[in-house]
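2 protein chains.
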Amino acid sequence: MSDRSVFFVSDGTGITAETMGNSILAQFAIKPRHIRRPFIDTVDKAFQVVREINTAGEREGKKPIVFTTLANDDVLDILKTCQGKVFDVIKTFVEPLEEEFNMKSNHRVGRFSDPSVDGEYNNRIDAIHFSLEHDDGQSSRNLESADVVLVGVSRSGKTPTSLYLAMQHGIKAANVPLIPEDFDRGFLPSMLKPYKKKCFGLTIDPERLSQIRNERRPNSRYASLENCRAEVSSAEAMMRREGIAWLSSTHKSIEEIATTILRDLRPDRLIY
Amino acid sequence: MSDRSVFFVSDGTGITAETMGNSILAQFAIKPRHIRRPFIDTVDKAFQVVREINTAGEREGKKPIVFTTLANDDVLDILKTCQGKVFDVIKTFVEPLEEEFNMKSNHRVGRFSDPSVDGEYNNRIDAIHFSLEHDDGQSSRNLESADVVLVGVSRSGKTPTSLYLAMQHGIKAANVPLIPEDFDRGFLPSMLKPYKKKCFGLTIDPERLSQIRNERRPNSRYASLENCRAEVSSAEAMMRREGIAWLSSTHKSIEEIATTILRDLRPDRLIY
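Those sequence lines, one after another, are chains A and B. Position 139, counted from 1, in the first sequence is what full-length UniProt numbering calls 139; the numbers after and before it change by one each time, with no gaps. Position 200, counted from 1, in the second sequence is what full-length UniProt numbering calls 200; the numbers after and before it change by one each time, with no gaps.
A hint or two may mislead.
The list cannot tell twin chains apart, which means a pair is met if one copy fits it or any two copies do.
Unchecked claim - Taking lysine-lysine and the DSS-like style, the derived pairs with C-alpha atoms no more than 25 Å apart in a straight line are:
hint: 1; residue 1: K104; residue 2: K85
hint: 2; residue 1: K31; residue 2: K104
hint: 3; residue 1: K63; residue 2: K104
hint: 4; residue 1: K62; residue 2: K104
hint: 5; residue 1: K198; residue 2: K63
hint: 6; residue 1: K63; residue 2: K31
hint: 7; residue 1: K80; residue 2: K91
hint: 8; residue 1: K62; residue 2: K31
hint: 9; residue 1: K45; residue 2: K104
hint: 10; residue 1: K91; residue 2: K63
hint: 11; residue 1: K31; residue 2: K196
hint: 12; residue 1: K196; residue 2: K62
hint: 13; residue 1: K85; residue 2: K62
hint: 14; residue 1: K80; residue 2: K197
hint: 15; residue 1: K91; residue 2: K198
hint: 16; residue 1: K62; residue 2: K80
Keep in mind that the hints were calculated from the coordinates and are not lab data.
Sequences are here, hints too, so could you generate the full structure?
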């Protein structure tokens, strides 16, 4: 167990405080204990968090670090009485912006807008359902309304990337596997023909692919290094021949793959 | 089109800069144009972004706002020559932390760790595949290894929430629909019986449910307000009888639902 605690305290989900805090902590060679405290929206709840922070600090003999995004001044004032080191993520940047915008901020509690009236939110949900229905080449129905069609061999990362693109960016991302039958025939799956311009390929090191496939189907031909090498090399040759851009998912997270796809295939989505 | 531009400039995906920037901008009654510039990891790319920022500023007659998480000092120094107002998200908090930790930061470029060697990342990918395989009551295989089983009527938000829990928190979230046959019999689906303690319910206002279902199957009995009212009221009665905690998804985003489920059902996941 680590000997230093970091608290993420928010009146909403705490996603901002946590994303931010984690990026900052990544700059240091330490592994603190992380404690999320979402929905801290009353003075009473704030007092309770202060007690938790102080207890951790006494136990560890080190000041806990506190990243917070509380917008309500009463709640924030209580939190600031704790013995931890408080980093106020919002306020630090809000005051200089008030000056630049020549406008007072509205101290809005950091929550998502109401989904029942938010068009952008509903687009994300629609995109998730679209990506699910078009996972793994399940359906060619409505493929013309896809924003992106990911292609690649089985277990190259297409499904998580499609779902991430839908969930975070509202992108309708279908995915279609390239399978040995396609390599034998030497053609892309026929459902892809009309949509080649929307295709984006994922490839992966055969060694890593074999390792991933072995976790699912140990000692199968499907997972063998020899077969993985053959599939990957055929898939790359096919994508090259068809002029489909691709990247390797081996050392990239789904977040990085998704951002690259947006930049290369839908640069308009980088402006919104 | 808005008359003020906001840039998110990062050497990685830009997710931190964007999450952070959006939370701060939500404090103001303005709708600026958002421009993401990920993977800015060389001096040349930084010069190009500076030109973009300056061009936007001249066109709009207002200083662009720039949220950045650049860790490389050479690249950051170039960016800071722009005519926009630069908010350096990382550096602002890193220096006071260096003092508190009594340790120099490592100026690490903000990227995800390498998935091929990162256990936590692989747990997330496994959780995504688990949640997909256990979407919509498709399979009772391995249900004992689920962290959470979401239950509720069709289109109450179970699928997007399951996938979000998997993707962001590495939670193995299954989901099982409650359907009219279950209400007629008066019992939970039998596959749920052994796992009642892991169940969490989603409910939804019948009016909103009818609206959502009508988008998929217009004018069907399935989507009719009368049927939605009957299903929702039967589902709530069943969850009450079975002692299953639930919440309403009507006015909550999947992020808020997921955070609530973690807090109520898996509080251990709030500490990591």
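Tested hints:
1. Proximity of K104 and K85 under a CA criterion of 25 Å is satisfied inter-copy only: 18 Å between copies versus 27 Å inside one chain copy.
2. In this assembly of identical chains, the alpha carbons of K31 and K104 lie at most 25 Å apart only when taken from different copies (15 Å versus 38 Å within one copy).
3. In this assembly of identical chains, K63 and K104 lie within 25 Å of each other by CA distance solely across copies; the values are 18 Å between and 33 Å within a copy.
4. For the identical chains of this complex, K62 and K104 are inter-copy neighbours only, at 18 Å across copies versus 37 Å inside a copy, given an alpha-carbon limit of 25 Å.
5. In this assembly of identical chains, K198 and K63 lie within 25 Å of each other by CA distance neither inside one copy nor across copies; the values are 52 Å within and 36 Å between.
6. For the homomeric pair K63 and K31, the shortest alpha-carbon distance inside one copy (15 Å) is at most 25 Å, but the shortest distance between copies (39 Å) is not.
7. For the identical chains of this complex, K80 and K91 are neighbours both inside a copy (13 Å) and across copies (22 Å), given an alpha-carbon limit of 25 Å.
8. Taking identical chains as interchangeable, the C-alpha atoms of K62 and K31 lie at most 25 Å apart only when both belong to the same chain, with a minimum of 14 Å there against 42 Å between chains.
9. For the homomeric pair K45 and K104, neither the shortest alpha-carbon distance inside one copy (27 Å) nor that between copies (35 Å) is at most 25 Å.
10. Proximity of K91 to K63 under the C-alpha cut-off of 25 Å is found in both arrangements, the shortest distances being 21 Å within a copy and 20 Å between copies.
11. In this assembly of identical chains, K31 and K196 lie within 25 Å of each other by CA distance neither inside one copy nor across copies; the values are 45 Å within and 35 Å between.
12. For a Cα distance limit of 25 Å, the shortest separation of K196 from K62 qualifies neither inside one copy, at 57 Å, nor across copies, at 41 Å.
13. Only within a single protomer do K85 and K62 lie at most 25 Å apart by alpha-carbon distance; the minimum there is 10 Å, versus 36 Å between protomers.
14. Taking CA atoms no more than 25 Å apart as the test, K80 paired with K197 passes in neither setting, with 54 Å inside one copy and 38 Å between copies.
15. For a Cα distance limit of 25 Å, the shortest separation of K91 from K198 qualifies neither inside one copy, at 42 Å, nor across copies, at 39 Å.
16. Within a single copy, K62 and K80 get their C-alpha atoms as close as 17 Å, which meets the 25 Å cut-off; across copies the closest is 35 Å, which misses it.
Checked against the numbered hints above, the structure breaks hints 5, 9, 11, 12, 14 and 15 and satisfies the rest.
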